[in-house]
Amino acid sequence: MQRRQWLRAAAQVGLLAAGFQRSALAQATTVQVWKDPNCGCCHLWVEHLQASGFKVEVRDVGNTAARKRLGMPEQLGSCHTATVGGYVIEGHVPAADIHRLLKERPMALGLSVPGMPIGSPGMDGPEYKGRKDAYDVLLVQKDGSSKSFQRYPGQARMAQRGGMQRVSDTAAALPWATAEVRRIDKAAGKVSLKHGDIKNLDMPPMSMVFQVKDPSQLDALQVGQQVRFQAVQEKGAYWVVKIEAAAM
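The opening residue of the sequence shown carries number 4 in this note's numbering; numbering runs sequentially from there.
It is possible that part of the hints are untrue.
Heads up, simulated DSS-like pairs for lysine-lysine below, C-alpha to C-alpha not over 25 Å straight-line [claimed, not checked]:
| no. | residue 1 | residue 2 |
| --- | --- | --- |
| 1 | K189 | K71 |
| 2 | K245 | K197 |
| 3 | K106 | K58 |
| 4 | K150 | K135 |
| 5 | K71 | K216 |
| 6 | K216 | K189 |
| 7 | K135 | K202 |
| 8 | K189 | K245 |
| 9 | K132 | K202 |
| 10 | K216 | K245 |
| 11 | K106 | K145 |
| 12 | K71 | K58 |
| 13 | K106 | K150 |
| 14 | K150 | K71 |
| 15 | K202 | K245 |
| 16 | K216 | K197 |
| 17 | K202 | K216 |
| 18 | K197 | K132 |
| 19 | K135 | K197 |
| 20 | K71 | K145 |
To be clear, the hints were calculated from the coordinates, so they are not data collected in a lab.
A quick note: this is a predicted structure, and the numbers were derived from the prediction, not measured.
Let the sequences and hints guide you as you build the complete structure.
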C-alpha cells in the first residue's frame, strides 16, 4: 500500500515537472519586440520569427529606450530590440540562431546583428534580387564584449558604381534620394523614411529607420513631408548625412 502511494506521488511530481518544463518552454518561445511602427524590415523580421514557431508580442514605440534599459551596447544596435527566454536580441538575428541560443543556454546577455545587413532575415525581400552581404551574429556578454556566434559569409558580387559609400565621403559626392517622413525621434536622433532608390547604397525602395548625423536637421521636418536626403553606411548602420524639404 505504501509503495503504491509512493509511486502515485512520484507520478504526480513527474507530471508537475513536465508541466513546469512545458510552461518554461512556452515562455522561452515568446518574443517581445520593441520597434518603430513604420519600419518595414522590422515587420518582416517579426514575420520571420512567427514562421519559425515563435509567438511575438510587438511594442511599436521605438527601441532606443528598450536597448538602453536591457543593457545592449549602443555600438551593437540595430532598428529593433527583443527579449526571449531571459536573453536580449538586437537586430536581424536569424530565428535558427535564437533557437540555438535557447537550447545551449550560454552565460551571456544575448545576440546581436549590428546595423541592417542585406540578406539577413527581414532584409532579404525580392527587391534585393538575391543580394546577400556577409555578417556575423554576435554573442554579447553582460560586460559588453562580444564574439562571433554564427558567421554568414554572404555572396560575392561585383561592386556597383558609387556603392557602399562611407561617412568619410564628402556630402557633395553623394547622390540625393527622395522620401516621405513617416516618424521623427528627436531624442534618439532618428528618422523613419519611406524612400525611393538610394543609388550609392544599392538599396531599393522601402521603409526604414535612419540615424541622423546632425540631429538638429530634424527640427525642420514634419511627419508626412516630402524630403530629399543623402545617406551613407558606416559599420553596418545607415546614416542620413543631410536631409531637407523637397522642392515642390
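Here is what the structure says about each hint:
no., hint, result
1, K189 x K71, "holds, 16 Å"
2, K245 x K197, "holds, 16 Å"
3, K106 x K58, "holds, 17 Å"
4, K150 x K135, "holds, 21 Å"
5, K71 x K216, "holds, 20 Å"
6, K216 x K189, "holds, 12 Å"
7, K135 x K202, "holds, 17 Å"
8, K189 x K245, "holds, 15 Å"
9, K132 x K202, "holds, 15 Å"
10, K216 x K245, "holds, 8 Å"
11, K106 x K145, "holds, 19 Å"
12, K71 x K58, "holds, 24 Å"
13, K106 x K150, "holds, 18 Å"
14, K150 x K71, "holds, 20 Å"
15, K202 x K245, "holds, 15 Å"
16, K216 x K197, "holds, 18 Å"
17, K202 x K216, "holds, 19 Å"
18, K197 x K132, "holds, 19 Å"
19, K135 x K197, "holds, 22 Å"
20, K71 x K145, "holds, 13 Å"
The structure agrees with every numbered hint stated previously.
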